[in-house]
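A.B. asks: Which chain is which? The protein sequence lines are A and B, in order.
This note's numbering numbers the first residue of the first sequence as 1 and each following residue consecutively.
This note's numbering numbers the first residue of the second sequence as 180 and each following residue consecutively.
Accuracy of the hints is not assured; some may be wrong.
As the list claims (entries may be wrong) - Quick list of the computed label-pair ranges, beta carbon to beta carbon: (1) A:G161 / B:W183: 34 to 42 angstroms; (2) B:D241 / A:T165: 47 to 55 angstroms; (3) B:A208 / A:T9: 53 to 61 angstroms; (4) B:R263 / A:R169: 50 to 58 angstroms; (5) B:L255 / A:L144: 40 to 48 angstroms; (6) A:G161 / B:G195: 32 to 40 angstroms; (7) B:A278 / A:T149: 58 to 66 angstroms; (8) B:A280 / A:A61: 37 to 45 angstroms; (9) B:R263 / A:K93: 23 to 31 angstroms; (10) B:R263 / A:R23: 21 to 29 angstroms; (11) B:D241 / A:R169: 45 to 53 angstroms; (12) A:T9 / B:H260: 35 to 43 angstroms; (13) B:R263 / A:Q72: 36 to 44 angstroms.
If you're looking for bench data, these hints aren't it; they were derived computationally from the structure.
Heads up, the beta-carbon is just placed ideally off N, CA and C, and yes, glycines get one too.
Residues per chain, in single letters:
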Amino acid sequence: MATDPRHATSDGELLQAVGAGDRGALRALYERHTPWLVLRLSRRCADPGVVEEVVQDTFLAVWNGARRYRGQGDVAAWIWGIGIRRLIDRLRKRSPAPAPVEEWGPASRSAEEEVLLGVEYGNLGAALNRLSPELRAVMQATVLDGLTTREAARLLGIPQGTVKTRLMRARAELREALA
Amino acid sequence: MTTWHADTSLLTAYSGGTIDDARAYSLEAHILACETCRTALATTADRGRLDRMWAEIAEAVDVPRPDIVERTLLRLGVREHVARLLTATPSLRLSWFAAEAITLGFAVLSADAASGGRREDLALLLFLMVAALLPVAGVAAAYGPGMDPTYEVGLSAPMRSFRLLLIRAAAVLGASAVLAGVAALALPQIDWTAAAWLLPSLGLTLATLALSTYVRPLVAAGAVSFVWIFLSVVATFHRDDRLIVFRGGGQIAFLLIIAASALVLARRREAFEGGAEE
Chain A
1 MATDPRHATS DGELLQAVGA GDRGALRALY ERHTPWLVLR LSRRCADPGV
51 VEEVVQDTFL AVWNGARRYR GQGDVAAWIW GIGIRRLIDR LRKRSPAPAP
101 VEEWGPASRS AEEEVLLGVE YGNLGAALNR LSPELRAVMQ ATVLDGLTTR
151 EAARLLGIPQ GTVKTRLMRA RAELREALA
Chain B
180 MTTWHADTSL LTAYSGGTID DARAYSLEAH ILACETCRTA LATTADRGRL
230 DRMWAEIAEA VDVPRPDIVE RTLLRLGVRE HVARLLTATP SLRLSWFAAE
280 AITLGFAVLS ADAASGGRRE DLALLLFLMV AALLPVAGVA AAYGPGMDPT
330 YEVGLSAPMR SFRLLLIRAA AVLGASAVLA GVAALALPQI DWTAAAWLLP
380 SLGLTLATLA LSTYVRPLVA AGAVSFVWIF LSVVATFHRD DRLIVFRGGG
430 QIAFLLIIAA SALVLARRRE AFEGGAEE
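Make the full structure from the sequences, and use the hints.
C.D. replies: Listed below in C-alpha cells is the structure:
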C-alpha cells in the first residue's frame, strides 16, 4: 500500500512531527483523516457549520496536544476521541437544541429490502436496524463511539437515566431478536 | 490488519448518507483501524470544503503565542490589541526593565554606602535624580521613528497615534514608578525623600512629551534630561540643603510643569499624527 509517497510515513510518525511543530505534518494528517471524520460527525450532527467547527477544533487540539499521544492504539481512534468530545462541547454551548435523533434512521424501507439486508448481513444487522431510532442512537453513542453515559446524554440531549434505560432496552431487544 | 475491505457501493452509500445504521456502524468501526478504506473514502470528499476548513486551521496555527508579558496583561483584563501594542514597546521589554533595575540598584547601593557620612544627601540626590529620569528615557524609547518597530504600522492604524502614545507613556511611567518605589524601600532611611521623585518624574515625562510635539522625541528627552541634570548639579552647590529641588517649592514647580505640559499636549496633539519627525 506504500506506493503513494504521502503514505510512506505512518500516522504515528506524522504525529511525532506535529508535536515538534511541523505544520506540513499536520496538513498531511488533516488530508488523511478529515474525510472520514467529517462524514462520521455529520451522521451525529445535522448542522454542517457545527461539523466544520468541530473539525477545526479537533485539528487545533491535535496541533497543541500531539505530544500527549502516547503511541497506544490507532491514531484515527485517538482523533475520533477528540472529535466526538469536541462535538459534545459545541452542542452543549448551544442552548438545549433538540437532539437530531429524529432526522436519523433511513426512511421506511420496502419489505424486499428488509429481506435482502437480512440475507446479506445476517440477523444482527437486521436486528440493529429494527431498533427504534432512539435506542439505536444510544447504542451508537455508547457501544460504537465509546462515550460514557454522561457524554452520551450530553450528545443526545437526554437525561443520563434515560440513556441507561434505553441501553438496557436495546440490549434486551437485540438478545431477543438473536435468540 | 484485516483483509476485509469495504466495497465501493458501501463507501458511496456511507458518504452519500443512504446507508442503514447497522452497516454504517460496522463501517465506522472498521475505518478507525483501516488505512486502505480511509484512503478510499477520502476520494469522495469535497475538495473545496476541505481547503476552506484547512485555511482556518492554518490561520489559527500561525497566530504566534503571546509571550509572558502579553499573557499577564491579558489576564489582568487589558484588551488584546492594547496588550499587543504595549508588548511591542521597546521600553516595556524585560531587557529594558532589567537595565532600569540595575541602574536603580547602583543608585541605592551608593546611597547605602554613603549612609551616615558627609556625602549622605549627595547619594540620596543621585538616587532621586535617576528615579525621576528613568521614565523620560523610557518614554523617549517607546515611540517615534527609529525606535518603535511598529512606528509605521502605528501611523496607518485606525487608532490615533496620540492615544497610543498616552497608553504607552502611562505604561512606561507606571512600570518605572513601581521599580523606583521598590528600590526606594532599600534606601538607608525611609522618609518623605523615598517618594520625592514621584512628581518630578511625572513632570519630566510630560515635559518630554510636550516638547516632542516640536522636536523629535529623542531630542526632547535629551533636552529635558540635560536641564534636569544641570539643575541637580547646581543644587549640590547649595551646601545647607542639597535636596532643595525636591522640597516644597520644587514640588510645586513640578506641579506647574505638569499642568503646562498637559495643556501643550492637549493643544498640539495633532503633531503626533505623523508630523513629529522632520
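A.B. asks: Taking the earlier hints as the rules, which of them does this structure contradict?
C.D. replies: 3
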